[in-house]
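Residues in the sequence shown are numbered from 52 upward in steps of one, following our numbering.
Think of the hints as simulated: they come from the structure by calculation, not from any bench. Note that the structure is a prediction, hence the values are computed from the model and not measured. Accuracy of the hints is not assured; some may be wrong.
With a straight-line Cα cutoff of 20 Å, these simulated PhoX-like cross-link-like pairs (lysine-lysine) come out [said to hold, decoys possible]:
1) Lys117 <-> Lys162
2) Lys107 <-> Lys61
3) Lys55 <-> Lys117
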Amino acid sequence: VGLKEAVEAKLTLAELVALRLYTGPMYMRYNAVLRGFYSRNLYTTTLHLIVSGLRKLCRITAPPPKNAEGGREVFRGTGGMALPPDFFHSDEQGFAGGVEAAFMSTTTDRKVAMRYSGGGGG
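Taking the hints into account, I'd like the entire structure generated from these sequences.
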C-alpha cells in the first residue's frame, strides 16, 4: 500500500501497521489462526485491523477487468497441493471451487500465479 492509497482509503496507523505485518512472516501465524491450526495467540485485534484495512482498500480499488465471457478472473498459485475432483464440478446450486478461511493473495496475471505454484509461466 502506497501513501496515496493509504490516505485515500483513510487507513488508520494501526490498520497500516497490521497490513504491513501481514506482508512479512507473520502471515503464517495469522492464516494458521484463521484456519484453526493455531490457538496459542488468536491475534484478535491484529486480524480485525487487517480486515478493516482491507475493506477500506477494497472501496478505492477497481475490480479486475472483464474477460471475454464478461466475467472477472483472478488466479492463485497453489504449488505442492492437489485439488480434489469436487473442486472442479458444480454442485446443485451451480457452485464450483472452494472456500478459504484465511486471507488469500491472488493476481489477474496467470503467469504470476504459475510462478508461485512452481509451474513456471514465463
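Here is what the structure says about each hint:
For the hint linking Lys117 to Lys162, the alpha-carbon distance of about 18 Å falls within 20 Å, and the restraint holds. Straight-line distance between C-alpha atoms of Lys107 and Lys61 comes to about 7 Å, which keeps the hinted pair within the 20 Å bound. The suggested pairing of Lys55 with Lys117 is violated, with an alpha-carbon distance near 26 Å, which exceeds 20 Å.
In terms of the numbered hints stated before, the structure departs from hint 3 and from no other.
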